[in-house]
Amino acid sequence: MPPPPVRSPSRLLLCHCRLPFHISPQTRLPLSHNSSVRRRFHCSAVSAVSALSSDPQIAPTDLTTTPPSSHILSIRESLLSRRRTAADVAGEYLDRLRRTEPHIRSFLHVSETTMREAEEVDRLVASGKDLGPLAGVLVGVKDNICTAGMPSTGGSRILEGYRPPFDATAVRKLKEAGAIVIGKTNMDEFGMGSTTEGSGFQVTANPWDISRVPGGSSGGSAAAVSAKQCVVSLGSDTGGSVRQPASFCGVVGLKPTYGRVSRFGLMAYASSLDVIGCFGASVIDSAIVLNVVSGHDRFDSTSSTHEVPDYASFLMSTDHFESTPLKGLKVGMIRETIGDGVDVGVISSIKAAALHLEELGATITEVSLPSFSLGLPAYYVLASSEASSNLSRYDGVRYGNRATVDELNSLYGDSRADGLGPEVKMRILMGTYALSAGYYDAYYKRAQQVRTLIRKSFKDALEKMDILVSPAVPSPAYKIGEKVNDPLAMYAGDIMTVNVNLAGLPALVVPCGFVEGGSAGLPVGLQMIGSSFSEEKLLRIGHIFEQTLPNYRFVPPLFLELV
Amino acid sequence: MALIFHRGIIANSQFFSRSSGVLFRRLRASRSCTSARGEGTANTLKEELIQVAPKRALEPNTHGFEAIIGIETHVQLFTLTKAFCSCPYVYGSRPNTTICPVCMGHPGTLPVLNSKVVEFAVKLGLALNCGLSMTSKFDRKHYFYPDLPKGYQISQFDIPIATKGFIDVDLPVEFGGGHRRFGITRVHMEEDAGKLLHSETGSYSQVDLNRAGVPLLEIVSEPDMRSGIEAAEYAAEIQRLVRFLGISNGNMQEGSLRCDVNVSVRPIGQSKFGTKVEIKNMNSFSAMNRAIDYEISRQVLLHSQGQSDQIFQETRLWEEGAQKTFTMRKKEGLADYRYFPEPDLPEVVLTKEFVDKLCQGLPELPEAKRRRYEKMGLTMQDVLFLANDNHVAEFFDASLENGADPKLAANWIMGDISAFLKNERLSITEIKLTPFELSELIASIKNGTISGKIGKEILFELLAKGGTVQSLIEEKDLVQASLIFPVRKASEFIIIVDPAAIEALVDKVLAANPKQLEQYRAGKTRLQGFFAGQVMKESKGKANPLVLNQILGVKLKGES
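As they're listed, the protein sequences go chains A and B.
Residue numbers are given in full-length UniProt numbering: position 140 of the first sequence equals residue 140, and the series is strictly consecutive.
Residue numbers are given in full-length UniProt numbering: position 149 of the second sequence equals residue 149, and the series is strictly consecutive.
Treat each hint with caution, since some may be false.
Chain B regions said to be covered by chain A (calculated; three or more residues, Cβ under 8 Å) [said to hold, decoys possible]:
{"id": "1", "region": "102-111"}
{"id": "2", "region": "139-153"}
{"id": "3", "region": "336-348"}
Rather than coming from a laboratory, the hints here were simulated on the basis of the structure.
Here a beta-carbon is modelled for each residue, glycine too, at the ideal position from N, C-alpha and C.
Please model the entire structure based on the sequences and the hints provided.
In structure tokens:
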């Protein structure tokens, strides 16, 4: 049993004194360019926010609340200082993974070579050679991202046992940076779903309440980071598949600008919307991962040649900011996302988060995106159309599961009928229909026109505002099985996120509060949306928000219970 | 012909995609082809001999009707690598040896456009007098077939890279000659599919993806052709064009140039088109000519018998053995390829500088060459011969630059040099004779230094061994002075030109080598060299190689 929730507001105030930053001085020092004078927040201002930030009735559980520190930097620091070996770190994570996995089931495959690779890192440390930025960092990789020699199924039975002959570019870059792929995480089949219930293999549980879904489609990656089964993880986001599970699991989720990260090796769902994103327990960790995986790739013509700034180093010096570090920042709250159909607890968490941003110096204005509600239907037409095309290759001819039949049409029909799940089949049917002669103009073409409108409305809004904020999801994590038979309700849950994919913009989800549910409350994530290639700005704001948010402690009860 | 037959079907496999029992239907088709080949050596040969009449007589009797012919041509580009990945493509490689995850359609792979494809497309667009789309895009064309790894072909749909052009053609003199201009509707870029290899028993098929992803340009003509010879000459001109441009080897046997022909017939004066029939599986221009004329006759006959409703919109295959077209498949409504813009590839944007640079770099094209040669006073026969092959044309032009008389140079090239090339199975770029020496030779004969007969002797030395005219003349002088060899030398030039005599030799050789003959007819056309060698041996080296090869070619094909 987790400890009972803290109910006393007076005790809550105590923790505000612990707000200063917890990046170890060793790692911060070489990166600090500014003066070493540390400025603290004005405590009274922060405490005023805290009273509003969330219902104390369901406030986080632990008194030793601290802003999240970077696990990546602390691993690096302990390796460099020889306090711990990579093998120790790997052993710790693997041990926790073994104990939590029966409850959470976030992995479809766990690597057998993790310890060997960790020992390799230790040899590198011993030799005194330069370590990559992710040396010894255990990374979970969503199963639709190809890993050489490791199964990569995209959560689909049709690819059961398929081992790609190559690493996705993002995975290759992670490995080159010293990361160790600990395993492949569960997901809704080919990314189609919001719960992992659509996985061809298993359902992942939410570490905050194992009777609930972790969100999806990157539910395995989010749950794994939340339960500390791995340090960080890669996900993919076509219509919210990184941001929604990040919100459900109380972790940081980053959906970069379309083209920021190479899609080479990402099994295509909707090519014009797909983006590889990442999860971390802190904004810094997400930024470090983004640093590593970003950049142009000659194997992906849609990857951008836009310069990659050092997303992470920028965050190191944030402890030098003034009492109102976001002074002058113009934040637009999307009106359409805080109205009807949105959980009241979610709305109040988001409003509290907005107040916190205000306390930090930002000005909050409500903005309206008139085309917002059109995003959902347009998204489902476009994503399904592209999916019907992209999934044609799963025919049983060259790889994956093949039906044993002796006639070609049955080979196609049976292999796909047996190998693909119902949600995937439904979307292939919808997409095939939308692209058919005579319907193309009414569906696909019209949806593209809507997409243009949405792009424009975001562009206009982001000319007036620095960032836009909204909930990441209209509700907290719901029960496993709750929406299985109501696909429209499930689709409606994507309303907050799909528009961002249609516009190709970057968005960051940072845990910001709780609503009632489970034993310790259920986390709610704040979505911050920026203009194209403004990840640096988003990460900086997210980092300040996270580091200054009172009671920031998004550690799931399952973790406390088992560790 | 069996192998080529397969290729013909597979290349157009998309048309099978929607029918049921696809694989097995195709297997049947290939079996029937195999049996046709079996008969080919004995019975069918005789039938063909009877069928084939002089060329003129082959032209269909169309009085009162006119044929409307349009052609879709696929040209395989010889870029170093495939269209969207870095795999090479070498015709005839072992199956599945030039493939990678991208052209195999593995999950997570993405296409990256080979810029040479755009360059070649622009060159062809310019050469075909087309308008270029400065911004075009790729689209996906969907159908299921085992040789199509991704389940869609990357192609161009509504915005092709080049549109609305034309091509000028000179018809061969023996077909009455004449100049024609045919419209070009569009040129677009796309990728090739792999091929299926059917097992001997027909119980299974294997997929070879070597060809998957090889770049193609599809050229769609306006329905401007009216006869088989016009269509064949259109295709031949496309072949010359791509060879002159250096963008494809244009080899029909290897499938680098493939033509699908649409033929319809209507009463003269009627504006509405008749029912369109598509013909596939023609492996040479002469086959195209015959197939189309056969098809026109078939349709005209049905029209004139009041049975025009018996002409179906269908795909028919040309069968070389029977010299007829056969129904391959009736159209089952319009195929829906569900085209949509390829999201993995950015738009193709051409800049004016890029186009201008390519435009300036274009070589002299066949039509311009023909007009130039014509102005020199050469006969149309000479003009067509010289401008047919870009290497021959280059050789001719180079010897003119050295001052050679055009008519004399043309005669040498078309006569002895060409015969030598045929006999030795060489291309004009591979011989030791240089254009300069040819012009020297011509000059030496013209100014009386040597006789024509000695000139010929020297020419063969130059062709075989190289050297200069000057040094060979000096050498010959020495030899003649010694008076030892002249008789033997002279005997070497007693050449058998009597076609009847050579025909007898050819018959003898063919009869003595039935196995090789069968292999030749099964598609191993390279064996022609073997037969030529045997006949030459039989004639003790005295057969005129030009006549020999002409007769041999006809005999090998069993044409008469």
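Checked hints:
no. : hint    : verdict
1   : 102-111 : holds (count 8)
2   : 139-153 : holds (count 8)
3   : 336-348 : holds (count 8)
Violation of the numbered hints given earlier is absent; every hint is satisfied by the structure.
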